[in-house]
Structures are given as structure tokens and as C-alpha cells.
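Trainee: Okay, here's what each chain looks like letter by letter:
6 protein chains.
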Amino acid sequence: MVLERVPTGIPGFDELCEGGLLRDRTYLVSGTSGSGKTIFAMQYIVNGIQMFNEPGIFVATEERPQHLREHFSVFGWDLEKLEDENMLAIVDATSTKIGLPSDEKYIDVRPFDTRSLIDQMITIQDEIGARRAALDSTTSIGFSIQDPAKFRVELLKISTTMEILGLTSLFTCEIVDSSGISRFGVENFVTEGTIVLYYTRSENVRVRSLEIFKMRGSNHSKKIHPFEITDKGIVVHSREEVYSEI
Amino acid sequence: MVLERVPTGIPGFDELCEGGLLRDRTYLVSGTSGSGKTIFAMQYIVNGIQMFNEPGIFVATEERPQHLREHFSVFGWDLEKLEDENMLAIVDATSTKIGLPSDEKYIDVRPFDTRSLIDQMITIQDEIGARRAALDSTTSIGFSIQDPAKFRVELLKISTTMEILGLTSLFTCEIVDSSGISRFGVENFVTEGTIVLYYTRSENVRVRSLEIFKMRGSNHSKKIHPFEITDKGIVVHSREEVYSEI
Amino acid sequence: MVLERVPTGIPGFDELCEGGLLRDRTYLVSGTSGSGKTIFAMQYIVNGIQMFNEPGIFVATEERPQHLREHFSVFGWDLEKLEDENMLAIVDATSTKIGLPSDEKYIDVRPFDTRSLIDQMITIQDEIGARRAALDSTTSIGFSIQDPAKFRVELLKISTTMEILGLTSLFTCEIVDSSGISRFGVENFVTEGTIVLYYTRSENVRVRSLEIFKMRGSNHSKKIHPFEITDKGIVVHSREEVYSEI
Amino acid sequence: MVLERVPTGIPGFDELCEGGLLRDRTYLVSGTSGSGKTIFAMQYIVNGIQMFNEPGIFVATEERPQHLREHFSVFGWDLEKLEDENMLAIVDATSTKIGLPSDEKYIDVRPFDTRSLIDQMITIQDEIGARRAALDSTTSIGFSIQDPAKFRVELLKISTTMEILGLTSLFTCEIVDSSGISRFGVENFVTEGTIVLYYTRSENVRVRSLEIFKMRGSNHSKKIHPFEITDKGIVVHSREEVYSEI
Amino acid sequence: MVLERVPTGIPGFDELCEGGLLRDRTYLVSGTSGSGKTIFAMQYIVNGIQMFNEPGIFVATEERPQHLREHFSVFGWDLEKLEDENMLAIVDATSTKIGLPSDEKYIDVRPFDTRSLIDQMITIQDEIGARRAALDSTTSIGFSIQDPAKFRVELLKISTTMEILGLTSLFTCEIVDSSGISRFGVENFVTEGTIVLYYTRSENVRVRSLEIFKMRGSNHSKKIHPFEITDKGIVVHSREEVYSEI
Amino acid sequence: MVLERVPTGIPGFDELCEGGLLRDRTYLVSGTSGSGKTIFAMQYIVNGIQMFNEPGIFVATEERPQHLREHFSVFGWDLEKLEDENMLAIVDATSTKIGLPSDEKYIDVRPFDTRSLIDQMITIQDEIGARRAALDSTTSIGFSIQDPAKFRVELLKISTTMEILGLTSLFTCEIVDSSGISRFGVENFVTEGTIVLYYTRSENVRVRSLEIFKMRGSNHSKKIHPFEITDKGIVVHSREEVYSEI
Ligand SMILES: Nc1ncnc2c1ncn2[C@@H]1O[C@H](COP(=O)(O)OP(=O)(O)O)[C@@H](O)[C@H]1O
Ligand SMILES: Nc1ncnc2c1ncn2[C@@H]1O[C@H](COP(=O)(O)OP(=O)(O)O)[C@@H](O)[C@H]1O
Ligand SMILES: Nc1ncnc2c1ncn2[C@@H]1O[C@H](COP(=O)(O)OP(=O)(O)O)[C@@H](O)[C@H]1O
Ligand SMILES: Nc1ncnc2c1ncn2[C@@H]1O[C@H](COP(=O)(O)OP(=O)(O)O)[C@@H](O)[C@H]1O
Ligand SMILES: Nc1ncnc2c1ncn2[C@@H]1O[C@H](COP(=O)(O)OP(=O)(O)O)[C@@H](O)[C@H]1O
Ligand SMILES: Nc1ncnc2c1ncn2[C@@H]1O[C@H](COP(=O)(O)OP(=O)(O)O)[C@@H](O)[C@H]1O
Ligand SMILES: [Mg+2]
Ligand SMILES: [Mg+2]
Ligand SMILES: [Mg+2]
Ligand SMILES: [Mg+2]
Ligand SMILES: [Mg+2]
Ligand SMILES: [Mg+2]
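Protein chains in written order, with UniProt numbering: chain W, 1 to 246; chain F, 1 to 246; chain V, 1 to 246; chain A, 1 to 246; chain B, 1 to 246; chain S, 1 to 246.
If you are wondering where the hints come from, they were derived from the structure by calculation, not from laboratory data. Be aware that a few hints might be false.
Identical copies look the same in the list; a pair holds intra-copy or inter-copy alike.
In silico DSS-like cross-links for lysine-lysine, where the CA-CA straight-line distance does not exceed 30 Å [to be verified]: (1) K232 with K222; (2) K232 with K105; (3) K105 with K157; (4) K232 with K81; (5) K105 with K81; (6) K232 with K157; (7) K232 with K150.
With these hints in hand, go ahead and build the complete structure from the sequences.
Mentor: Structure follows, in C-alpha cells:
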């Protein structure tokens, strides 16, 4: 039995893990604030559409969709166009939380409710038949649920639904420092693997690097690889390694 | 699509981030006590008025407006004059908290109430049509709300209102040491970027430096740059770098 | 009196502990996320069946049985076949937790209930007469019980039941870092020994190693031995030692 | 506008901060147990009376006034005489707390009550027209209030009252180690600056030193200066610096 | 007055403390999991019977008596025989806790109840007239009581009862790392001394060592001595010392 | 005004602090378990009686009086004789706490009650007219009160009563490690000074040393001095210093 791989299309990444993620699994992308998690997640979705013809869903709990569209235009990604083509759905899980109206097509009710998010994903699936999804980020959901045990169960519901809907997904997770791999200590329990993004100082300069920390069923790289955010998005230097202290 | 930049006018700073902040976003200015957060925030507002003709709002939750006026006179900034010209509004969110009368024009009721602050900002907008705002500091609001999850939601309401009112804003945040980038671990979740001010010891002398830790949609400097507080306010040495341990 | 040993069959491991585990005892396998606990536990069960003709039970609280079957096929282990032969029972203690149907033969009800798990194990024993068991992992049970003192009592019930049913068992435990040997500080109180799996950085590469930290009644190796995950599963280098900092 | 300075009269100190404290502000004097906070505060008050003819109020929450009088006699300060001359008022905020009678003129009721302390200060002002005050220490008030958010508000009331009464004040704060600058993390939020007293080991000997950590509106020294407790009280060596690790 | 000493009979130990423990006192044996606490405690009891003709009581809260009998047979100790001779009583304080039947003669009811344990010890004293006792371990009692202050009082009751019954006793305590000397911070308050067992890494090998940390009324060794677990039990190398970092 | 000094009579100690403690004050003696606090406190009381003819009270909350008498006989101190001569009163604040009868003359009721302890001290004062007292230790009182703020108030009541009764006192405090100077962070707030006893490792041997950390109104030694526990009790080497890391 050979397991099916879903390539991220992020330059340099897939060759670190036997060609990509496992089909129908959920993975955690952890990193401190500003480490590149949102870019990584969106690039995975955009590549899915543009390179592999797989529609994608992006659930945004932190950045308002309009900001996402603006920020990602600098990488040459025209999200609005992809949305118009019914290849991309951005779920606005931010605006209504604060009692303000949202112009978005897909909005998530207030306060956070797993059931309604799941219903909405099912509806979207009917419309666009997505194969990939990203939830950015689990951390703000964690803040609203607070109890780690309950948070774990809710994430488990979401990840299982995604798997059942035939989605290969990324969950982002904002950690406070690089000493742990998840914020609330439970996010890695509902996912099949963990990718950690580092943004560390080397003398007076910040350096970005990345590690596949865990990936079930995969003989992945065990090294830490530098990456850059270029004007085309993330580029991983898979042949290079980071030797300095993380 | 080219994103509009709002220059801070702080010498040496804007060239670290493609010309300034993104229009209609909110940024976090974090630092330990005495690191220069209040000066940074006020200089951004004053420069907006004097250099770019953009009126500004300064919400003071810690220092009484009269003290602000006195302290900043040493930098040659005549806040009273700017207020008289209807270019600057200082919201006194300190005085009434302690049951004492305030002579200020704009006062915020007691205890802290997001709704009333938002109403007041809408009123002020009618009067002066501000383009910039500063909230100094989020930390005392955090103390009065206490629950981090609730604090995050209230900050989210304020920042979203500011963005909707067309304000490009700075939120200050007082951290206890430089190991984290926010006090309650949630402030960076409602902002589009984080600027960290350091005040660290190098042998027996304190040195000031600054880092753009995160700025969405921006190819900012990844270095740590020294700055000084001169008799004209903050001056960033954008060409120099700090090599020592932070 | 010579104590009976149960060999794990994991290459290189049994010679570290006088030939294997003690019959009818429960042992803890601790390690951080991705350290190889699930592989270790399943290899112990599979070897029991294939090398020693001892049927086994695998209680899965984290990975869905179907994923386990897929992931372990890469090591050439055909779990489905072993299940069909009535030599292996996989208890699905994951699916129903989230309100979704399970196709599995052995499912555990929701929410976690020690009594029902114990009943199910008794039923399975009637059917397959197992001699080995693995519970992967105790940690998700700990999350749902939360109170460490109560968690300890529930684990004690399970381990004692297993011993009474004539099962020699492994409990896995996911720790956050390698400074402790259990997650909730109580798991090692219900087991007769602790095996710790390390996944640590040596310069820019992760290295796997293993230590028998405690094994009652056994004169075990006191060293730390490197191991690898090969295409046949775990191989311990019992003659080699790890000198670097753990 | 030139801001008025209030000299402490402590040898070597005022030259570190443009001549002294700012008139009508409150400052924090932080330090570990035994670092010299009480001596610093009392010397500021005594100097005010003897060198600048400014009457002073000393609120003692920890040491009984009679002990203060005895301890400070070794520095040649005759507190009783200054009290008789109506230049000094010592508020006994310790005795009644424990249900014992106090012979003191100014006593604070039990348990700690901000309102009554404020009333008392207003009364004292009528009698002696003080210009300086010291509250030694905020920490025991913090213990009785416990909730940091509430403690902050109470301190804010006291400091604002003092400023309105025309008092330039010092608040002492006992920290546990020198890693933070306040005990409950809020004391520095109600004050205009922080002076930290260090009592650290250099080999087998304790050394005293001092730093002006923050002083709003002031271009203060950024160095750490050694000081001694002599038979005339504190003497700061403003020209010397401490290079060793704090 | 010369204080009466109770020799443990553990090779090399008694010479470290003027000949042994003080008669009718209780001592704490602390150590991490696997450090040898249970072996130390049982060897003290077995030696009491075989070398000094003093009957002993062993209260087992963690390991089932049957396991104890099996594990200790490897050291040549025939516990069953000693029990038959009415020289040893093993109190099973584990089995009933989890609702399973116990075949043991002396069982302790569920949940843990100090009063009933005390009653049982009084009964046993009638039957065997013990002079030594061991409670292995206090830590599981701590888990069931939880509140440290209450735990301290219960331990105090047990230790005082033991002293009044004329028993010289050892209490074991499982600590998480070697930075403290007790688990809940109170165990050392009910005992007259503390013996710490270390199980530390020296390069890639674990080394065992032991320190008499405190022994009231005794001029004990202040060094750390290595020990081994041989096929005859613990042997302390009283003339050797451990120099490396613990 | 020259402050009256109360010599401890402990060889080498008084010369470190201008001749002794200040009359009618309370001092804290802090140290880890086994550091020598109880011996220090009892030696101070015994010396008071034998060298300065000052009767003393010893409040024992941890060690039973009979044990104290036995342990201290090795230093040649005949406590029973001193009690018979009405020069020493030992208050048994341990026995009754656990529901067991006490033969002691002075017993403290259960549970700990400040009022009753104070009453008892007043009664004892009538009988023996003590000038010195020791409370060994504050820590077990802290455990029973638990709330640090309440604990502080109770200690304040006891210390103030002692001062009013004309007693110069020592309070002992058991700290967990040498990084703080008190256990609950409040004990030093009710005392006039702190003496810290260290019991630290230098290579493989424990070394005892002592520091006067704070002593109000005193120009004390600022060094760390080694001490020994000899067969006559504590002897401080006041001319020697400890250079190694504490
Ligand atoms: N055009 C760009 N060129 C280079 N770096 C960029 C660009 N746009 C954004 N970045 C970097 O990406 C960071 C934001 O990445 P993001 O994925 O939002 O982080 P996270 O989601 O982990 O907080 C910014 O702080 C900036 O450093
Ligand atoms: N005129 C000045 N010249 C130089 N430094 C000054 C001047 N005025 C204030 N400062 C410095 O600025 C600090 C206060 O900065 P501020 O912005 O209030 O800090 P924060 O808000 O981060 O606590 C003072 O502690 C002082 O070190
Ligand atoms: N075929 C393989 N070859 C090499 N390594 C593998 C293979 N399959 C899985 N792994 C490694 O095993 C890890 C998962 O091990 P697992 O036992 O699930 O960890 P744990 O249960 O401790 O979290 C993966 O992260 C990967 O590093
Ligand atoms: N006459 C003196 N000479 C030298 N040092 C003294 C003298 N009197 C007191 N001290 C020192 O001052 C310390 C007390 O200072 P204090 O201001 O009470 O400390 P704090 O209030 O910070 O706890 C004493 O511990 C002692 O070291
Ligand atoms: N026959 C033996 N030879 C050598 N070491 C042994 C033997 N039996 C047990 N041990 C060691 O003793 C340890 C268990 O000691 P134990 O007293 O139960 O520890 P603790 O009670 O401190 O957790 C085992 O982990 C093993 O390392
Ligand atoms: N006769 C003695 N000779 C030397 N040291 C002794 C003697 N008696 C007791 N000790 C030491 O004193 C320690 C107990 O001191 P103690 O004052 O009870 O400590 P604490 O009260 O700080 O816990 C013992 O652990 C032992 O090291
Ligand atoms: Mg993001
Ligand atoms: Mg400020
Ligand atoms: Mg696993
Ligand atoms: Mg003081
Ligand atoms: Mg044990
Ligand atoms: Mg003691």
C-alpha cells in the first residue's frame, strides 16, 4: 500500500517529506507571532488551486478577509479572482465576533461555535468541492474556549469533519516561544504531524527556518532548514541546514 | 495593487518598513517600563499633525493629560496649541477612574467601558476628522478587565472601530521583560504588526534599541537598530545595528 | 524464583532488560510528540503475534484505527490480516468521542468511561485470549479526566484489570519536554517501569534514543541507547551509547 | 517651559536626574529587603525639612514609628524634634492593624482603607502644609488588598491625592529579586518614575548600588551607581559605576 | 544522655550516621522514580527481622504485595516465609482502592483513611510486636488528599502514632527532580531527618548515590556517597564520594 | 541615643552585628531544611539563661518537646533542668494538633490559634518573666493558615505581642532553596532583620555558612561567614569568609 501524497507546492518543502502531506489528514503549523504561519497556510491553498486544480477553503479567525486579499497581493496572488472562479472560499470568522457587519459571503457567527463552522464547511463543500483547507488560527479559538480539554475536543471535531469531507488541512498555532510545539498543549493531539516555523536571532538579525517535527507514516527530513519570504512567497532551502542555536 | 503607507515621521524609522505603517491598520508598540513607548506614540501623533497635516487622537489611560503636556514640552512639542487648533484630541481616561474631577474636554467614564470609549472616538471624529490614533496603554485596560480572553475581544472591538473610522493606530503595551512581545499574550492578536522597544544593559549602561518584530504585508528590516531620546524626541539609527545580547 | 520475561521482539531492546518485560505487569513508554511511542507500542503487539504467537489488544485513543492500518503498512505490517485472524483487536476509542459513526468492531463509548473500557477488554479476552495490550495514549484520557488524582485512580483500575486478565501491557504517555518522565506526574505511579524515548537535537539534526528509566525487579541497562525508525520499524542499537546532552 | 525640580538632598543623587524629582509627581523606590528603601525615603523627607524647609509626611505601614525614631537616631536625625516643630508627621499605619493601641498622634484605622488614609493626609496638610511625602511601603498594602487590579486603583487614588495636595512623593516597593521592578507588577503604573536599589553579591560581599530606571520628562543617568549607608545616611557615588553582573 | 541508635543493616549506611537512626523517630527517604526507595525501605525491614530480631510492618500503597514478594525474591529475600513466621506484616493499601478484591491478610479500606490505617497498625502491633515500619509511599497518599496542609496533618498523625507504638520508621517520598527534597513540600516537616537517593546521569550512564540531608541530633556524614543495587540489595560505598554535579 | 543590644552568645555571631540583636525586636532566621535553624534558636535561648540570666520561651511547632530535650542533650544542654529552675518554658504546639494527649506543661490548642498562643505567652510571662523567645517555626503556622496575607497579619500580631511583653525574639523560617529569604514571601515583613543560614554543596561536601541579610538600625557585616555545628553547638567563624557560589 502506497499512501497518497498531497504536494504543498511550496518550493523546497515537499522534498522534505516524501512528496507532501498525507491525503485527508490534518497538520499543525506552529510558530511564534510573525514566523510566517499565515503565509505558509495561504500559499498551500493558492498552490492547490493554481498548480493542482484543487479548490480550497481558508477559515480566517484573525485577519479580516479584506486585509488578507490586500496583504497577499504583494506576492502576486489575486485571491478575489480565485474566489470569483469558485476555487477559493474565505470564511470570515473575525468580523461578526465584534458586533460589526461583514460584507463577506461566508461568515461565521458569534461567538465561536464549532457546530456552525462545521455546517458552513459542509455547505461550502457542496458549492466548490474543496480538497484543501486551512484554519488560521486555532489559537484565537483556544482563547474563546479557554478550557484546554474542551478546546481539544472541539478541534478534534473540526479536524475529523475536514478529514471526512475529503480535505487535507493545515491548522496554524501561535506559540509564545519555541520551547513547546503548541500553545495550549493539546493542538498536536488532533493532528497527524507538526511543522514548526522558527524566527530566531542570529547575532543582530532574525533568521527564518523550518522543521518537520512529526509526520506520521512519513520518513521526513530530521533537519532544520532555512526559508525566506520572497516576493513570490515562502521558499524553503531544502539543501541547506541551520546550525545555530534555536 | 500597491498598499498605502502612513509615515511615522520618526527619524530613521520609516525606512525600516517600506515607508511606514499600512493605512487603516493597528500596530502594537511593546516594551518594558521606561523603554520609550509613550514618547514613540506621541511623536507619531505630533508628526502626523505637523508634517502630514493629519489630525490625531491620543487616548491616555496612564498619564494625566496635563503631565503629558508638561513632559513633552521638553521636546518642543506644544500640545496645547495643537489641541486649540483642533488638530489634536487627548482623551483623559485616567482622572475619573479615581473619583476625582477632570478639567479635560474629552474624558472617559469610570470604570473602563469599551462602548463609551468607542462612542467618544466617533464624536471626536466628527469634530476633528483624525487620521491617526494612539492608545497608551492597553496594559492598564488589561488590568481592569483581567480575563485575557475578554480583554482580547475588547481590544478587537477598539482596533476594528479605529480601522473603520479610518484611523491608523498604535497601541502601546508594557511588558515585564523582553522574553515575550505582549503582556497578557493576546495584544498581538488584534494588531497587524509589533514593534518592540528594548532598554537593555550593556555592561553598566542602559542602551535603547528597536525591532520591527512583525508587520503583515511588509518586507521590513529584520535587524535590531539602536535609537536615542534626544531633545527633539526619538531618533532611530537605521543604518546601525545592535550586536549584543538582548 | 525466576521471574518470567515477555520479550518485546524489538531488535536490540530485550537485551537491555534481562530478556524483556515482566509477565503481567504494565509499563510506561514516555516521550515527546513524534518520539516514536505509537510505533514502539504497535511493534510490541505485532511482534507478540508474529514472533511469539501471543494475541494482542491495541486501545487507540488518538489515531483512528484506519489511519493506524495505513501508517503501519509502510513497515510491512498487515494489521487488517492480523485482525481477521483474530490475533489482534484494535479498540477505537477516538471516533465516537466526536459524535461521528465508527465502522470499527470494537468501539469505546463517549465520553471516556473506565468501566466500559474494562468491560470491553473482558469481552475481547473471551474472543481472542490476548496476552499483550497497549493503551495509546494515557494522555488523552488525562485531558478528559483533568484532575490528576482522579486520573491516577482510573489508570490504576485499568492497569490492575489488565494484569488480572493476564496481559503484559504498555501505556504510552506524551510529555512536553524531557525534563519529567510523565505528563500529569502520576502515570508512573500505576506502572512497574518507565521507558523514555528521546527525540533531541544534536547540532542541526534530530536524534532518537531510548532509556530504561525504571524497571522494578530488573537489573536493566542504565545507559541511553540510540535507535532508528527503519522501514521495518524500530531498531535499537544496544551496543552504542549516546553521549550528548539530552 | 522648564519643569520645576525637587532636590532630594541625598548626596550624589540629584545630579543624576537634572537636579531632582519633578514637582507634584510620585516616584517608586524599588528594592529587595534590606536594600535601603526606608532609609532613602526617610532621608528624602528629613532633607526636605532641614535643607529646603519643606515639611514632610511619612506613612509607615511596616515599621512602628517608635522604631523608626530609634533606628534613625544613629544617623543623627532627631525625628521627634522635627515632629514637635510641626515639620514632620509620621502616620502610624501599623499598630492598629493588629488590635493593639497606638500612642501615635496620626494613626490609620484597621483594616487598610484608602479613603481614611486620604482623609488623614488632608487633615495633616491643614496642620503642617507638607510639600513632600513618603509611603513606606506599598507592598504591605498590596498584601492586604491582594487583587493586583484593585491594588493598582487604590495606589492610583493615593498618588493622585498626593499630587493634588501639592506633595512630591516616594512610594517604596519591596521586590523579591532584581528581575522585576515592582512586586505586584502594577506599582510602576501609578508613578512617574522608578528608582531601583540593588543589594547584590560580588564574590562574598554584598554591594549596594542604584539606578534611575525610568523618570518621565527627564534626561537622567542611564548608569548604575554604587552607594553606601554611612553614619550620615545614604551617599551615592555619582561619578562611579558598577560593572559587575546585577 | 546517649541516644539509642537503630542500625539499618544496609551495608555502608549506618557508619554514615553514628550507627543508625534514632529509636522511635520517623525518617524520610526521598528520590525520583526508580532511585531505589522501595528497595531501601524493604531492606531496612528485612534486615531488622533477620539481623536484629525486630519484627516489621510494611505499608504498601503503590506496589501490590504479591509483586513485592516476587520482585524481592531476586535479592534472596523470602518475604512469605517472614510473614508466616509472624515477623513481617505487609499492609495492602493498594488493591481495595480500585474496587478489586484482595487476598491479603492486612488490607486498607478505600478511600485512604488515616484513622483506619492507624487502627490497623495498632491491631498488627498486638499480633507481631513490631519495632520497625515503612510507609511506601507517602506520595500516593498525597495525591488522594491533595491539599498540602491537610496532607501534612495526616502524615503527622501517622508518624506520631508510629512513634507512640514504639516503631522506628521510614517514609518514602517520590520527587520529580532532585531540586527539592519532598514532593508536596511538607513531608519533611513530619520527619526527623531526610535521606535523599539520587539517580543521575554522568555522561551517558546513570549513577546512584545517596546523601543524609538532615538527621536531627546526629553528626552525620555531609558527603554524597555512591551506592549500588547488587543481587543482595543496596550496598553503600561509604568511603567513596561523588564529585560530579547532582 | 545608643540602642541596647542583646547578645546571642553564639560564638562569633555577635561581633558581626555591633554586639547583638536590638532589644525588643523580632528577627527572622531563614534556611533550608537541616541548615541549623532550630539549633541556632535554642542556643540563643539557652545562652540567654546560662550566660545572661535572661529566662526564655521556646514555642515548638514542629519537634515534640521530648525530642528537643533528647536532641540537645548531645550539646550538653540540660533543658529539663532549666525548665525545673523556671528559667525555660517550652510550649508544645505540636502534640495536640494531631489529637494525641500531651504531657507537657505548656500546650497550645488545636487547630493553631493566634489568640490562644498570645494568651499563653502572657501567662508564661507572669511565671518566669522571660526576656527572650523563639518561635520554631513560622512555616508550619503558614501551612495551617495558608493565605499569605492572613499569615502575615497573624505573625504581625505574635511579633508585636512579643515586643510588648519585652521579649527579643527569633522566628525561624524554612525556605525551599536559597533563592528567596522567606517561604511565603511575608515573614520578613513582620521582623526587623533577617539572618540566613546556608547549607550548600562545595564539590561533594555540604558546607554551612551564615549571612546577616538585613538588620535595621545596624551596621552589620555584609559578608558570608562559615559556621560549624560542634559538640557545643554552633560556632561562627567571624573572621573567615565564604567565596564560593551560594
Ligand atoms: N512582501 C514581503 N516580503 C518579505 N517578508 C514579508 C512580506 N510580507 C510579509 N512578510 C513577512 O511576513 C510576516 C508575517 O507573516 P505571517 O504569515 O502573517 O506570520 P504569522 O501568521 O506567523 O504571525 C511579516 O511580519 C513580515 O516579516
Ligand atoms: N528629555 C529627555 N531626554 C532624554 N531622555 C528622556 C527625556 N525625557 C524622557 N526621557 C526618557 O524617556 C523615558 C520615558 O519614556 P516613556 O515613553 O514615558 O516610557 P514608557 O512609556 O515606555 O514607559 C524616561 O524614563 C527617560 O529615560
Ligand atoms: N517509514 C518511516 N521511516 C522513518 N521514520 C518514520 C516512518 N514512519 C514514521 N516515522 C517517524 O515516526 C514518527 C511518528 O512516530 P509515532 O510513534 O507516531 O510518535 P509518537 O506516538 O511518539 O507521537 C514520525 O514523526 C516520523 O518521524
Ligand atoms: N548605621 C548603619 N550603618 C550602615 N548600615 C546600616 C545602618 N543602619 C542600617 N543599615 C543598613 O540598612 C539596612 C536597612 O535598610 P532599610 O532602608 O530598612 O531597608 P529596606 O527598607 O529596603 O528593607 C540594614 O539591613 C543595614 O544593612
Ligand atoms: N536485581 C536487580 N539488580 C540491579 N538493579 C535492580 C534490580 N532490581 C531492581 N533494580 C533497580 O531498582 C529499581 C527499582 O527500585 P525501587 O526501589 O522500586 O525504586 P523507587 O521505589 O525509588 O521508585 C529498578 O528500576 C532497577 O533499576
Ligand atoms: N551533634 C551534632 N554534631 C554535628 N551536627 C549535628 C549534631 N546534631 C545535629 N547536627 C546537624 O544539625 C542538623 C539539624 O539542625 P536543625 O537545627 O534541626 O535544622 P533546621 O531546624 O534548620 O531544619 C542535622 O541535620 C545535623 O546535620
Ligand atoms: Mg498569522
Ligand atoms: Mg508610557
Ligand atoms: Mg502516538
Ligand atoms: Mg523598609
Ligand atoms: Mg517505589
Ligand atoms: Mg528545625
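Trainee: Looking back at the numbered hints, which does the structure fail to meet, lowest number first?
Mentor: 6, 7
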